[in-house]
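Undergrad: Below are the chains, spelled out letter by letter.
Number of protein chains: 2
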Amino acid sequence: MEIIVRKYGGTSLDSIAKIKKIAETTKKSIDQGKKIVLVVSAMGKSTDELLKKAKMLSKHANTRELDLLMSSGEIVSSALMSIALQELGLKAISLTGFQAGIDTNSTFGEAQIISIDNKRIHNEINKGRIVVIAGFQGYNENFEITTLGRGGSDTTAVALAASLKAYICEVYTDVEGIFTADPRIVKNAKKIDYLSYEDMLELANYGAKMHPRSIELGLHYNMPIIIKSSFENKTGTIICNIEKLNDLQKRGIILNKITENRNKVTGVTSERNISKITLHSIPDKPGIAAKVFKPLSEARINIDVIVQNISRNHKTDLTFTVKNEDLDHALIIVQNKSIKNINYENITSGSNYAKISIIGSGIQNTPGYAAKFFETLFKSKVNIEMITTSDIRITCLINDTDLDKAVNKVHNVFDLFK
Amino acid sequence: MEIIVRKYGGTSLDSIAKIKKIAETTKKSIDQGKKIVLVVSAMGKSTDELLKKAKMLSKHANTRELDLLMSSGEIVSSALMSIALQELGLKAISLTGFQAGIDTNSTFGEAQIISIDNKRIHNEINKGRIVVIAGFQGYNENFEITTLGRGGSDTTAVALAASLKAYICEVYTDVEGIFTADPRIVKNAKKIDYLSYEDMLELANYGAKMHPRSIELGLHYNMPIIIKSSFENKTGTIICNIEKLNDLQKRGIILNKITENRNKVTGVTSERNISKITLHSIPDKPGIAAKVFKPLSEARINIDVIVQNISRNHKTDLTFTVKNEDLDHALIIVQNKSIKNINYENITSGSNYAKISIIGSGIQNTPGYAAKFFETLFKSKVNIEMITTSDIRITCLINDTDLDKAVNKVHNVFDLFK
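Which chain is which? The protein sequence lines are W and V, in order.
No gaps in the numbering here: position 209 of the first sequence is 209 in this note's numbering, and each next residue is one more.
No gaps in the numbering here: position 167 of the second sequence is 167 in this note's numbering, and each next residue is one more.
This is chain W alone, in the form it adopts within the complex (with noise of 0.2 Å):
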């Protein structure tokens, strides 16, 4: 029989009666005759506060011992599910991303999975076991652990349903979807049925919570992921392409009828708390930028939306993106003399800002989508201090203060509410 992989957040495993419920369900499911393997984050805020433990020693941890540090997290969340499985009577093992074979390269913090060797998981499922397998982790080739870098139990468990050639995968959350705009910002925002792999991509890396690479993993191994609220009993929102969604609604796995999205922009995403840093007038030659980018990286700074826009006289502006708290740490970095060598003339900063995006298949290239998205914003007196696209993305920098205002307007304009 085919498998399901079902992936809990740490918001649904955030205390012991949480995980007894889920337990349940996952039980009422194993009656119903399905094969079911669990991919589990660290319970609530238990990896922030291993993450704010190390900090209080260190501002410059080493990434190695970091990820085995935050490890332990998700291994304490799939022992105790595994416990909770075993009181109601079935048969449960608990599994390290070691023990699950998740094989991964040696970038700590941010480690790629190279291959799953997943013939431990095998032979549990074969013993009837269900199989509980820590989330966000895996080891490298000195058998060092390795993490997958914030949010990487969705990948984990994207890449376990290819491994294992689930029929599905399914990510439990504590919210019902993906929704057309942030219903913190949006009260009238939707919940999106149905997204194509290379939409949800833009809203992951552009606001709604998945981790993008569990995204490019759906789309490469053609593996549906449905995005679901862990405690309502809610369709969710699929993410897979149209033939599979076709034959998974053929099936009967999804029961909701669900229709293309014949409205373009299938969501407005947004992020706050972002500062931008502009290097005046550097030489436009070669090397410049990887000059300037590759000592924040070392730094671990997250660099976001970089723009750089046409030279005059062989000179340009290059302005990039980090998070309000990298901006002090990523000043000083691009102060040093390595960077000051490529001889820009000089640098301003700025902190508060907020991104907005329009986000669909196709807008960039359909007239009309972009010079409606900036007219709204015009109408609504936000000002744009950067844009950046994508084929599938419009994006602007516009202070924070404007942005509830703006994210309204943008939601109501294209008619995303009904």
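The set of hints was computed from the structure by calculation and includes no laboratory data.
Among the hints, a few may not be true.
Repeated chains share a single entry, so a pair holds when one copy, or any two copies, can fit it.
What the hints assert, rightly or not - Computed cross-link-like contacts, DSS-like style, restricted to lysine-lysine with a CA-CA straight-line distance of at most 30 Å:
#1 LYS190 x LYS234
#2 LYS91 x LYS52
#3 LYS27 x LYS45
#4 LYS55 x LYS21
#5 LYS191 x LYS34
#6 LYS18 x LYS59
#7 LYS18 x LYS45
#8 LYS418 x LYS18
#9 LYS276 x LYS53
#10 LYS91 x LYS337
#11 LYS45 x LYS59
#12 LYS119 x LYS405
#13 LYS45 x LYS55
#14 LYS257 x LYS20
#15 LYS191 x LYS264
#16 LYS53 x LYS91
#17 LYS291 x LYS340
#18 LYS209 x LYS28
#19 LYS381 x LYS187
#20 LYS55 x LYS35
#21 LYS294 x LYS127
#22 LYS52 x LYS20
#23 LYS27 x LYS250
#24 LYS165 x LYS418
#25 LYS257 x LYS190
#26 LYS53 x LYS18
#27 LYS27 x LYS53
Once you've looked at the hints, dock chain V against the given chain W.
TA: Relative to the frame of chain W, chain V by itself:
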């Protein structure tokens, strides 16, 4: 250069401030040219907290899952300690029991170390790194995580010290060393400077806090063990044989003058919270004891003292003690059909007893010690419920309410305060 293995217990690691302090102490030793391997327990009460969560889910949680769960606590400590050391500019690396090559049998919850493959540890030491090893844990031949039982980090430390041919194993704790009696009960209890392994074994089994198997290993490998305070610079208690003691004093490793204890009673130990169960008039034939204790051990109930006197008319009484909290569970088991089949006449039980023991090499074979002990209890109007002895220990079961009085009187009578 020779290695020192240092073990820090949970109370020495119950805050980030204490972890920092231990890192600083370690740095001082490294600056003095010492080569150090650290073994750490879980922070403060974290193992208890994990166990509490598991108990909320199941009263009979699977020991394989419990071991995986509990192993996470030591991993957290080791990673944090390594980060703290690195922050001081030292080279350090934390290793799990698996990474440290601590190979055990498969008795989850009470696993025994079979061998240590110390290749990885030596590699790290050769790179100039301080190796910080998660105590209490190992792995079996199927790559399952095992634990050595509560307090097992002591055993990890002594086993590693033996494997690495360290010249000493230092066990740091929240007390100054081993005392002639529990200082909470006896105000003028004295710290013991020197103990033989044999005496310490009895002390460790009968009250003083050390994992008994760590002492057995020390004896087997002739590894000197010092128990001392983490944060006070005091000499502690050294456990080794006399030849080694002379050797360590000659080499200046132990500076204070220690003479062999002439008083044959080295300490009075005590333990509260004890219940007893008696099966009356059981048939005195082979196999009966096994029939009683096997189901109790399978239920993971720790049996402490067992007493069975000579029989009359081929019948005898069998008494054993358990912890107060295990009494109800134990009674259910001995009333089960399989045990009932042995045809005991009836069962009696009682709770809230305490154990008091005197410890000292040869006291059991030297006339006078036992008599003096019993006489002291009698004169103090303390009733003796049961007596058991070993070569170097005499133990009485008494009422818990009499314990403080009894321990103080006995401590005085044997001149232990001098």
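Undergrad: It remains to establish, for every hint, whether it holds in the given structure.
TA: Checked hints:
With identical chains, the CA atoms of LYS190 and LYS234 are at most 30 Å apart within one copy only, with a shortest distance of 14 Å there and 68 Å across copies. With identical chains, the CA atoms of LYS91 and LYS52 are at most 30 Å apart between copies only, with a shortest distance of 22 Å across copies and 36 Å within one. When the C-alpha separation of LYS27 and LYS45 is checked against a cutoff of 30 Å, the pair qualifies only within one copy, where the shortest distance is 26 Å, while the shortest distance between copies is 33 Å. Within a single copy, LYS55 and LYS21 get their C-alpha atoms only as close as 34 Å, which misses the 30 Å cut-off; across copies the closest is 16 Å, which meets it.
Taking the shortest Cα distances, LYS191 and LYS34 sit within 30 Å of each other inside one copy (27 Å), while across copies they are farther apart (63 Å). Within a single copy, LYS18 and LYS59 get their C-alpha atoms only as close as 34 Å, which misses the 30 Å cut-off; across copies the closest is 18 Å, which meets it. In this assembly of identical chains, LYS18 and LYS45 lie within 30 Å of each other by CA distance both inside one copy and across copies; the values are 14 Å within and 23 Å between. Taking the closest pair of Cα atoms, LYS418 and LYS18 never come within 30 Å of each other, the shortest separation being 34 Å inside a single copy and 58 Å across copies.
In the homo-oligomer, the alpha carbons of LYS276 and LYS53 lie at most 30 Å apart inside one protomer (29 Å), although the nearest pairing across protomers, at 44 Å, exceeds that limit. In this assembly of identical chains, the alpha carbons of LYS91 and LYS337 lie at most 30 Å apart only when taken from different copies (27 Å versus 60 Å within one copy). In the homo-oligomer, the alpha carbons of LYS45 and LYS59 lie at most 30 Å apart both inside one protomer (20 Å) and across protomers (26 Å), since each shortest distance falls under that limit. Proximity of LYS119 and LYS405 under a CA criterion of 30 Å is satisfied in neither setting, with 53 Å inside one chain copy and 62 Å between copies.
Taking the closest pair of Cα atoms, LYS45 and LYS55 come within 30 Å of each other both inside a single copy (15 Å) and across two copies (21 Å). Taking the shortest Cα distances, LYS257 and LYS20 never come within 30 Å of each other, neither inside one copy (32 Å) nor across copies (59 Å). Taking the closest pair of Cα atoms, LYS191 and LYS264 come within 30 Å of each other only inside a single copy of the chain (16 Å); across copies the shortest separation is 79 Å, beyond that limit. Taking CA atoms no more than 30 Å apart as the test, LYS53 paired with LYS91 passes between copies only; the shortest distance there is 20 Å, against 36 Å inside one copy.
Proximity of LYS291 and LYS340 under a CA criterion of 30 Å is satisfied intra-copy only: 10 Å inside one chain copy versus 81 Å between copies. Proximity of LYS209 and LYS28 under a CA criterion of 30 Å is satisfied intra-copy only: 28 Å inside one chain copy versus 46 Å between copies. For the identical chains of this complex, LYS381 and LYS187 are intra-copy neighbours only, at 21 Å inside a copy versus 78 Å across copies, given an alpha-carbon limit of 30 Å. Proximity of LYS55 and LYS35 under a CA criterion of 30 Å is satisfied inter-copy only: 27 Å between copies versus 41 Å inside one chain copy.
In the homo-oligomer, the alpha carbons of LYS294 and LYS127 lie at most 30 Å apart only across protomers (27 Å), although the nearest pairing inside one protomer, at 49 Å, exceeds that limit. Both within a single protomer and between protomers do LYS52 and LYS20 lie at most 30 Å apart by alpha-carbon distance, with minima of 28 Å and 15 Å respectively. Taking the shortest Cα distances, LYS27 and LYS250 sit within 30 Å of each other inside one copy (26 Å), while across copies they are farther apart (67 Å). Taking the closest pair of Cα atoms, LYS165 and LYS418 never come within 30 Å of each other, the shortest separation being 36 Å inside a single copy and 74 Å across copies.
Taking identical chains as interchangeable, the C-alpha atoms of LYS257 and LYS190 lie at most 30 Å apart only when both belong to the same chain, with a minimum of 16 Å there against 80 Å between chains. For the identical chains of this complex, LYS53 and LYS18 are neighbours both inside a copy (26 Å) and across copies (12 Å), given an alpha-carbon limit of 30 Å. In this assembly of identical chains, the alpha carbons of LYS27 and LYS53 lie at most 30 Å apart only when taken from different copies (20 Å versus 36 Å within one copy).
In this structure, the hints that do not hold are numbers 8, 12, 14, 24, in rising order.
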